[in-house]
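Asks: Residue strings, one per chain:
Number of protein chains: 2
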Amino acid sequence: MTDKLNNLSQTSPNSNKWMIKNGAFSVQDGDKAVIRGYMVIEDDLISYIGEEAPANVEGIPVIDGTHLFFMPGLVNTHGHAAMSLLRGYGDDLALQVWLQEKMWPMEAKFTSSDVYWGTSLSVVEMLKGGTTTFLDMYDHMDQVGKVVEQSGMRASLMRGAIGLCSEELQKHKLAEAIAFAKDWNGKADGRITTMLSPHAPYTCPPAFFEKFVQAAHDLDLPMHTHMSETKAEVEQNVQDYGLRPVAHLEKMGMFTRPSLVAHGVHLNDEEIDILASHHVGVSHNPGSNLKLASGVARVIELMRAGVKVSLGTDGAASNNNLDMFEEMRLAALIHKGVSGDPTAVPAAEALRMGTIYGAESLFLDRVGVLAPGMKADMIALNTDQAHFLPHSDLISHAVYSASAKDVEHVWVDGKQIVKHGACLTLDEERIRREAQAAFEGLLSR
Amino acid sequence: MTDKLNNLSQTSPNSNKWMIKNGAFSVQDGDKAVIRGYMVIEDDLISYIGEEAPANVEGIPVIDGTHLFFMPGLVNTHGHAAMSLLRGYGDDLALQVWLQEKMWPMEAKFTSSDVYWGTSLSVVEMLKGGTTTFLDMYDHMDQVGKVVEQSGMRASLMRGAIGLCSEELQKHKLAEAIAFAKDWNGKADGRITTMLSPHAPYTCPPAFFEKFVQAAHDLDLPMHTHMSETKAEVEQNVQDYGLRPVAHLEKMGMFTRPSLVAHGVHLNDEEIDILASHHVGVSHNPGSNLKLASGVARVIELMRAGVKVSLGTDGAASNNNLDMFEEMRLAALIHKGVSGDPTAVPAAEALRMGTIYGAESLFLDRVGVLAPGMKADMIALNTDQAHFLPHSDLISHAVYSASAKDVEHVWVDGKQIVKHGACLTLDEERIRREAQAAFEGLLSR
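Heads up: the sequence lines are chains A and B, in that order. Under UniProt numbering, the first sequence has 17 at position 17, and the numbering climbs by one with no breaks. Under UniProt numbering, the second sequence has 296 at position 296, and the numbering climbs by one with no breaks.
I should point out that these hints are in silico values taken from the structure, not numbers from a laboratory. None of these values were measured; they are calculated from a predicted model. Think of the CB as a built atom: it goes at the ideal place given N, C-alpha and C, for glycine as much as any other residue. Each statement offered as a hint is correct.
Here are the simulated DSSO-like pairs of lysine-lysine, each with C-alpha atoms no more than 30 angstroms apart in a straight line:
1. A:Lys102 to B:Lys32
2. A:Lys419 to B:Lys419
3. B:Lys32 to B:Lys419
4. B:Lys231 to A:Lys231
5. A:Lys32 to B:Lys109
Chain A side only, calculated, beta carbon under 10 angstroms to chain B, not exhaustive:
6. Val97
7. Val124
8. Gly287
9. Ala293
10. Gly295
11. Asn320
12. Leu322
13. Asp341
14. Thr343
15. Ala344
16. His387
17. Leu389
18. Leu394
19. Ser396
Can you make the complete structure from the sequences, with help from the hints?
Replies: And the structure:
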């Protein structure tokens, strides 16, 4: 593999058209899931994919795609990147012990510098693992925006606000969320988009939550929140508001905005119908839901009802990696095992959950599929490895056999970000060192 | 990492004592799960692990273990290595369609050459992914033995016999199983051990099954079989023999031999007690059980009853990789998610399932843990990567964040088999080519 892509680096700075030959491309297009042949990229867009050699490509740089499988970049629709600093800090604990004794005391100490290095660590892991777009809901979001800008990655960012505090602090958080959403929407050459994101119905009093809905209307932005992750949280919602979370969010007006909810583990049939009728997306986080013992989301029923289900890793403190291949595989495996139906969530559907459904759930309309006119956000897997053989079905191999480390190259907006497994835009070595130091700093103060 | 281990290659052929310094070692020893310091290896055995520099090591080769996490090699207690040739050939199908229309017609065409190359492909994948010992139940077992011998890997091998055939063919299969078990036990410098293995109670009439029990007594060997993988199979057993599979196997005398059963998905409380009372091990295959929608084994209850539960990948046609890190992670995740108990199967326990419990389940008494006097079957993970940071808890990272491709080095019997991710004993490139050709050959005839 070593020198296949070297001619890319010889591309002159003015050249904005290049081509891949001998590649296998995941086009997820009806009967023809994989096309073997050529792809042409012009600036940030794909302009051609086909078996036949394209016209008008004389003299443009050519990459040999032999043994590479090109897929759309993966889209991670729920997470808290800076929490990678707490990876492995408190596993296998009851949820409340984990939150109250481990996560919250440490997170309360997070400075903007911690968020910067924690997010950088996650961005390196995600990019190298083939994720080209991620959603991030956290605090100190300017730092997150900065990392995204530097990295070349695409992201949907939002200040996640918990409203269990004084009215004054609530006001401050709301103002911060609005300012961030305004200032950063469309930044980084359009790679950053923003949402409004009250943390969860159980952490935001209705009056506070409704202010976010109003702000989303004012700014014409979509909304995101945690919803129905645990059974206890659903029961609490009924006790506090006389409604289950879906009806509660509907009542507060959230679903009058384009919306994405994270988790959606504990849903009844009626709630699934409400989500479907409002076109609310669900970010399914199988790894995190299993590890925190939240349960198994009703993904088969959600998809049957027409709800768009995408995939998220959640934070690395409850996963504990940010490998979207693993989330695709978990989605394909657990719903078969738990339902008893081996045809549930087939490989191609799991791949769509990790790519196009994710892009649509983040309201990105030119991302998530390899086709002419779409953004050149793509990854190349090295298929010249034992676990990719025989070359019977590359879509199956990508979902059932691949992992983050099979990713050889990554492009976003047509620009190469990862080459032969190394990140070109960020100083990986420094990020590892600073992230370790940040963790030690959190422990010591 | 690149040149850390280069001094190993300078070891003189007569040198049989070498040392690792600056390493982190998984010792799984009560409070002290990880020791940072030194390890000394003499011939095939570990002779020292400790924080203090060892005595009498002047002039011996020294490896710098900085950024490496040394663990016992992983032990895969159930599989059919040659089935890697059918990876991705028929996914997401109902079990009977998958077996009858996809697997069986192709497997009927397998030649000894197919088994040789398919097994080689699996052995390359397993070794590079940190598995140092595997169980293999298949046909053409001489070929499997040959691959194991060449590879330097450790294995428990057996001719799996299906008895749904003429009495003459039954006789032939039994004779083959006995001859293989006799001839190969202790081969490859003792790295190969053998078992007797009727395929399953639902594929072996009692008279045929009992001949294997008798042979196991005669040869003083342990036994292995598939058991209670699907609900339908359990119901069929009750219909055919008036007994559920555990009582049926007990009645046929299998448990009078040291025994390991694969799957054990559908077990009632009484059956769990019977397995515990006979010290029968269960090879839990979470990936395969989920993918084939067989269900979720009652691992929490099995372990609570004192049954030894180890991990297996099953064949690559139903997994679809042979990554034992993934099996450890699945075991740690799904039983939390399905039971609702986040403390179920903690990381250290999942690691034991993938190492020491596996070794004990294959009746290997000096394998599966890093300690003086134990075999130097070990692997080194590269921890200088984003998904291993911060270095909060290496055991947690190995289970919840690592994958096959984090394995940098592998040793079996003190001999290095994988170095910087490359297999030293087998011709990987040729194996990939031949495996692809074998698959194409199966398709074409």
